[in-house]
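Protein chains in written order, with the numbering used here: chain A, 1 to 296; chain B, 297 to 617.
It cannot be assumed that every hint is accurate.
To be verified - Taking beta-carbon pairs under 8 Å as the criterion, some of the chain B residues facing chain A (in silico):
{"no.": "1", "residue": "V431"}
{"no.": "2", "residue": "L433"}
{"no.": "3", "residue": "S437"}
{"no.": "4", "residue": "M438"}
{"no.": "5", "residue": "F441"}
{"no.": "6", "residue": "M446"}
{"no.": "7", "residue": "V578"}
{"no.": "8", "residue": "F589"}
What the hints assert, rightly or not - Computed footprint of chain A on chain B, listed as stretches where at least three residues anywhere in the stretch have a Cβ under 8 Å from a Cβ of chain A:
{"no.": "9", "segment": "313–322"}
{"no.": "10", "segment": "343–353"}
{"no.": "11", "segment": "558–570"}
If you're looking for bench data, these hints aren't it; they were derived computationally from the structure. Bear in mind the structure is a predicted one, so any value in this text is a computation, not a measurement. Glycine included, each C-beta is placed from N, C-alpha and C at the ideal position.
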Amino acid sequence: MSLQSTVAAAEKKMAKPKKETSLFKKLIRNRLAAIGLAVTLFMSIIAVFAPWIATHPPNEMDVVSSLKIPGTDGHLLGTDNYGRDLFSRLVYGARISLIVGVSAVVFGAFFGTFLGLVSGYFGGKLDSIIMRTMDGLFAFPFILLAITLMTVLGQGLVNVIIAIGVANIPGFARIVRGQVLSVKEEEFIEVTRSLGATDGRILFQHVLPNCLAPLIVYGTMSIAGAIISEAALSFLGLGVQPPTASWGSILKDGKDFLVLSPHMATFSGLAILITVLGINLFGDGLRDALDPKMKI
Amino acid sequence: MGTYIIRRTFDLLPTIFVVAVIVFIITRLIPGDPAAVMLGPQASVEDIEALRENLGLNDPLYIQFLQYMGNLATGDFGTSLTYNQPIVNLIMDRFPNTLILAVSALIIAFMVGVPAGIISASKQNSLLDYSVMLVSLIGVSMPIFWLGVMLVLYFSVNLGWFPATGMGTLDDGLIPFIKHLILPSITLATIPMATFARITRSSMLEVISQDYIKTARSKGLNEFWVICKHAFKNALTPLLTVLGMQISMMLGGAVLTETIFSWPGMGRLIVDAIDKRDFVVVQGTVLFIAVIFVVVNLLVDIMYKVVNPRVNYTTSKGGTK
Chain A
1 MSLQSTVAAA EKKMAKPKKE TSLFKKLIRN RLAAIGLAVT LFMSIIAVFA PWIATHPPNE
61 MDVVSSLKIP GTDGHLLGTD NYGRDLFSRL VYGARISLIV GVSAVVFGAF FGTFLGLVSG
121 YFGGKLDSII MRTMDGLFAF PFILLAITLM TVLGQGLVNV IIAIGVANIP GFARIVRGQV
181 LSVKEEEFIE VTRSLGATDG RILFQHVLPN CLAPLIVYGT MSIAGAIISE AALSFLGLGV
241 QPPTASWGSI LKDGKDFLVL SPHMATFSGL AILITVLGIN LFGDGLRDAL DPKMKI
Chain B
297 MGTYIIRRTF DLLPTIFVVA VIVFIITRLI PGDPAAVMLG PQASVEDIEA LRENLGLNDP
357 LYIQFLQYMG NLATGDFGTS LTYNQPIVNL IMDRFPNTLI LAVSALIIAF MVGVPAGIIS
417 ASKQNSLLDY SVMLVSLIGV SMPIFWLGVM LVLYFSVNLG WFPATGMGTL DDGLIPFIKH
477 LILPSITLAT IPMATFARIT RSSMLEVISQ DYIKTARSKG LNEFWVICKH AFKNALTPLL
537 TVLGMQISMM LGGAVLTETI FSWPGMGRLI VDAIDKRDFV VVQGTVLFIA VIFVVVNLLV
597 DIMYKVVNPR VNYTTSKGGT K
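Make the full structure from the sequences, and use the hints.
The following block contains the structure:
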C-alpha cells in the first residue's frame, strides 16, 4: 500500500465518526426531535423491561377489585373490569405496540424495498405489473386493508404483523422505486456497469444505499402508523388474542365502562398518543437532519 | 382538457381490475372452508354443502373468478346471507350516511386546517405559529378512536350537549340532525385538519418567500390580499396532492368513527359483517370503498389540472404518475 493511499484511508476513517456525530448533533439540536427521541427511548425501555416495571402480573384477575380508581390498593392507575392492574397491563401493552410497530414496518420495508428496487431498476413490463399491483393495494384505505386481511387470517400477534406489514408494502415500494429511477441515471452507476458489475451487485451495493435516507425517514413515520393500526385492530376486536394486554383492547374494554371507569379509556389512549407523537417528532427531526427537502 | 379526462378515466380501468383481483384473492385465502366459517360450528353438513354450492365454492377457481368478474361487470356484488339482501342494496342504504359524515368532516378539516396553516405561515416563528404547529402535530398523531371515546365522555356523558350514538334524520329537524353529526365529524376531521394545516403552512412559506409576493407587498397591496389572493392560490396545489390521500384515510377512519358512534354507514356495515362472519358483505363493501377511492383520486387529479394547467399527462413506464 502506498503512503498516499494509507493517508487517504486514515483520513476517511477519521472523517467517518465526524459525519455520524453531526447527524446526531443535528437531531439533538432540534429540540422537538430530541423530545421525540427521548419519548421513543422511554417507551422502548418500558417495553423491554416490562417484567421489572410492572407491579402486578398483567393477566391476573381479581374480580373483587374490579374497576378501582387510580391510586387505590396499590394500583397506580386503578384496575380494569376483571380487576387486573391497569398500570401493569399498559406496561405490557407497550411491548405489543412496539413489537407490532417495528416488525410490521420491517416486513413491509423488506418486501416493499425489494419490489421497488426491481421495479424501478428493470422497468418495462415487470415494472408495470408490480406498480399496477401496488396501485391496486394503495386503493384500499390502509386500515381497511389491514381489517380485511385480519378477517381472513384471524386474531393473533403474528397475523397482526402480517396484516399491517402487507398494508405497508405499497408505500415502501413507491418510495424506493422513485429513488431508484433517479439514482440509476447517475454517472457512477453507468461507470459501475461498464466495469462489469452484475445487476444484483449494482442494485444492492450501489442503488440501495442511495435510497436509505428516505427509507429510514418513511420507516420511522410508518412505525407510528403501525402502532395506531394495531391499536385500531385490537379496538375492533381483531387484534391480539385476549387476555394479552394491548393498548387497543384496553381502550375497547374502557369504552364499555366509560361512565363507571373513564380511567381505562383515558390512560390507554394517552399511552398510544404519547408514543405516536414521540415517534412522529423523532421522524420529523430525522427528515430535517437527513434531507430537509424530502417530501415525506 | 377533455382528452386528459378521458385518458385518465381509461387509465383507471386496470387499477380497478387489480383491486377486484386483490379482493378475490384475499377472500379465497380464508383458511378452511369459508362456508363452514360463515355458518358457524352448529351448522349441519347439508347446510354447509348447500352454502358452498350457493357461493360457487365447488367450482374450479378459474370458474369462480370468471363468475365473480362477470357479476361485478353487471353490478352484482353478491347477496348477503345475514341480511338476506343484495349487497348493492345494503351499500346504497348505508353509503349516503358515510358520505354525509365524510363530507362534513372534510368541510370542518378545510375550514379549520387551511386558515390555521395560513395564519401560522403569515406569523412565522411567533407563539401562534408554534401553537398551531404543536396542535397539528398532536392532531396527526391522534388515535381517532380514542378521541371519539373522549368526546363522548366529555360532551355526551358529562355535559350532555350531544347524543353519544346514532344518526339523526332531517325528519327529526335540522338541530337534532346536526347535533348527531358534530362529534363524529370532529373525530373524523382531526387528522385531515392537522394535515391541511401543516401542508398549507409549508407551501405558504415557500410561496411567501418568492419575488412576486415581495413585489406585491412593495406595491403597497393590503397584506390580507397578498396572502389570500396572490400567495394562497399558488399554495393550493400541494394541498390538492394530499386531498386524495386524506379522503382515503377518511374512508378508513369512517370504519372506526362509525363503530364508536353507532353511525349506520359503510364502516359500521363492514364491522357488523365481520362480527357475523358475512364475508360476502365484507368483500363487496371493501371493493366498493376501494373503487370510490380510485374515482375520488381521478377527480382530485382533474382538479389538480384545473388549478395548475401546466401539469402534463405523462405516463411513466411503471404506470404511476
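Those earlier numbered hints the structure runs against, lowest number first: 1 and 10
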